[in-house]
Amino acid sequence: MSIAAKANALWEYANPRKFLETSERVLPFFWIVSTICIVVGLIWGFFFTPDDYKQGSTVKIIYLHVPAALMAINCWLMMLATSLVWLVRRHHVSALAARAAAPIGIVMTLIALLTGAIWGQPMWGTWWAWDPRLTSFLILFLFYLGYVALWEAIEDPDTAADLTSVLCLVGSVFAILSRYAVNFWNQGLHQGASVMRAGAVTGADTEEKVSNVFFYPLLACIIGFVLLFIALVLYRTGTEIRARRIKALQARERVGG
Amino acid sequence: MIALLLRDLKLAFRAGGGFGLGLAFFLIVTVMVPFAVGPQSSLLSTIAPGVLWLGALLACLLSLDRLLALDWEDGSLDLLATAPLPLEAVVTVKALAHWLTTGLPLVLAAPFLGVLLNLPMPGFFWLVISLLIGTPAMSVIGTFGAALTVGLKRGGLLLSLLVLPLYVPTLIFGAEVARRGATGMEVQTPLLMLAGITAATIALLPFASAAVLRINLR
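Sequence order for the protein chains is E and R.
Using the working numbering, read the first sequence as starting at 1 and increasing by one per residue.
Using the working numbering, read the second sequence as starting at 1 and increasing by one per residue.
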């Protein structure tokens, strides 16, 4: 199959019916595998890894904190991609997927902020500090709120999809700007990225790396969260499509009756 | 373009145009701060740059919902959209008019309010400079927010929710310039960043505002 043909195959899912059919077929798989991954990862992480020599058992909140934080950012990226697809190719499924993803992003951001606060209290002695990472997440949370509020405020679905897409694009630029501004504004307590750093997997002995004992259950949790996110987005997009259909049917009925 | 600018300025200055409302708000916020945190002059002079920046930002925000809403209500926005002038130019002129009637008076008033908050002597110059450079960005970003919410019945609160996160970088760098200036530290880095943000928003955001306005006028 040529690349162009493959690309065409992807766009087939812009057809709501095709999208619903396929998503319903793959959804059980995503639900089951993500549940297995998260359950295994959490049990493994909570009960079968040693306590950290410095942080004690509080380190184990990492199994919720890191995956949630990763998904909070990736969710915005996904919304950015689907917004672009909507603006360029006008596929309704794409716009609805962005709409469906936003509340999930809010929840992930909240989980990351809350678990971070619970972790920070024993480790740094404070629930909250105006650290760059914490602050950027709070700002990301505000962006999500504005995005969802704009969706809710506009009645016409196409106008709402257009406006929120533009807001998502502009917001992304400003979110990145804020990230650097906040970095400049305050040096932080939070450690740097230590999970996906090259040394983390190979076991190179760096100061802040996550050691293998913690890494594999964490990886299971991350995979679980990714699959859970995909499953939730597919599920919620399906709901949005059906809600849209019900509205269309009701409108038709009013006109006909 | 000039005719449109003059029209907007005239509308703003005449009765009911709301000119001076932002200024009065800025004054009141500044006066309320000592009531809230106590009258110690050392404390006030520490927080003065930040408070003045925040006050100016909120005063700017207050006047945003009238920026396009009045033209939307009486239909002149539709005329402007069908005029030979590109919509990008229209929103730029609107932002400029907003800056001249809201941003510039705030910049000029800021030093006097700085006296009330016991701003240190070297801080005055950098406060005015940072506001002078930062307020155009606030007007342009605000125009984008106003264009997003123009068709909504109760857009005011939503407008603040949308615009305030976009103000974060401007506020951080602007207040940093004022704060560093007040304590005699070097201000070049945040000043250049602030100027960069302002230049980039003026160059790029009118396109987004015009696109959004077109969607809303559809």
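If you're looking for bench data, these hints aren't it; they were derived computationally from the structure.
Built from N, CA and C at the ideal position, the CB exists for glycine as well.
Hints are not guaranteed to be accurate.
Said to hold, decoys possible - In the DMTMM-like style, the derived pairs of lysine to aspartate or glutamate whose C-alpha atoms are separated by at most 25 Å in a straight line are:
no., chain 1, residue 1, chain 2, residue 2
1, E, Lys-247, E, Asp-51
2, R, Lys-153, R, Asp-78
3, R, Lys-10, R, Asp-78
4, E, Lys-60, E, Glu-152
5, R, Lys-153, E, Glu-24
6, E, Lys-247, E, Asp-131
7, R, Lys-153, E, Asp-158
8, R, Lys-10, R, Glu-88
9, R, Lys-10, R, Glu-186
10, R, Lys-153, E, Asp-156
11, E, Lys-247, E, Asp-52
12, R, Lys-153, E, Glu-152
As the list claims (entries may be wrong) - Residues from chain E that face chain R, not an exhaustive set, calculated with beta carbons under 10 Å:
no., residue
13, Tyr-13
14, Leu-20
15, Val-59
16, Ile-61
17, Leu-140
18, Phe-143
19, Leu-145
20, Ile-154
21, Asp-162
22, Val-170
23, Val-173
24, Ala-181
25, Trp-185
Against the structure, the hints:
no. : hint                  : result
1   : E:Lys-247 - E:Asp-51  : 54 Å, violated
2   : R:Lys-153 - R:Asp-78  : 18 Å, holds
3   : R:Lys-10 - R:Asp-78   : 20 Å, holds
4   : E:Lys-60 - E:Glu-152  : 37 Å, violated
5   : R:Lys-153 - E:Glu-24  : 39 Å, violated
6   : E:Lys-247 - E:Asp-131 : 45 Å, violated
7   : R:Lys-153 - E:Asp-158 : 18 Å, holds
8   : R:Lys-10 - R:Glu-88   : 21 Å, holds
9   : R:Lys-10 - R:Glu-186  : 41 Å, violated
10  : R:Lys-153 - E:Asp-156 : 14 Å, holds
11  : E:Lys-247 - E:Asp-52  : 54 Å, violated
12  : R:Lys-153 - E:Glu-152 : 13 Å, holds
13  : Tyr-13                : 25 Å, violated
14  : Leu-20                : 28 Å, violated
15  : Val-59                : 32 Å, violated
16  : Ile-61                : 28 Å, violated
17  : Leu-140               : 9 Å, holds
18  : Phe-143               : 5 Å, holds
19  : Leu-145               : 6 Å, holds
20  : Ile-154               : 7 Å, holds
21  : Asp-162               : 4 Å, holds
22  : Val-170               : 5 Å, holds
23  : Val-173               : 8 Å, holds
24  : Ala-181               : 4 Å, holds
25  : Trp-185               : 5 Å, holds
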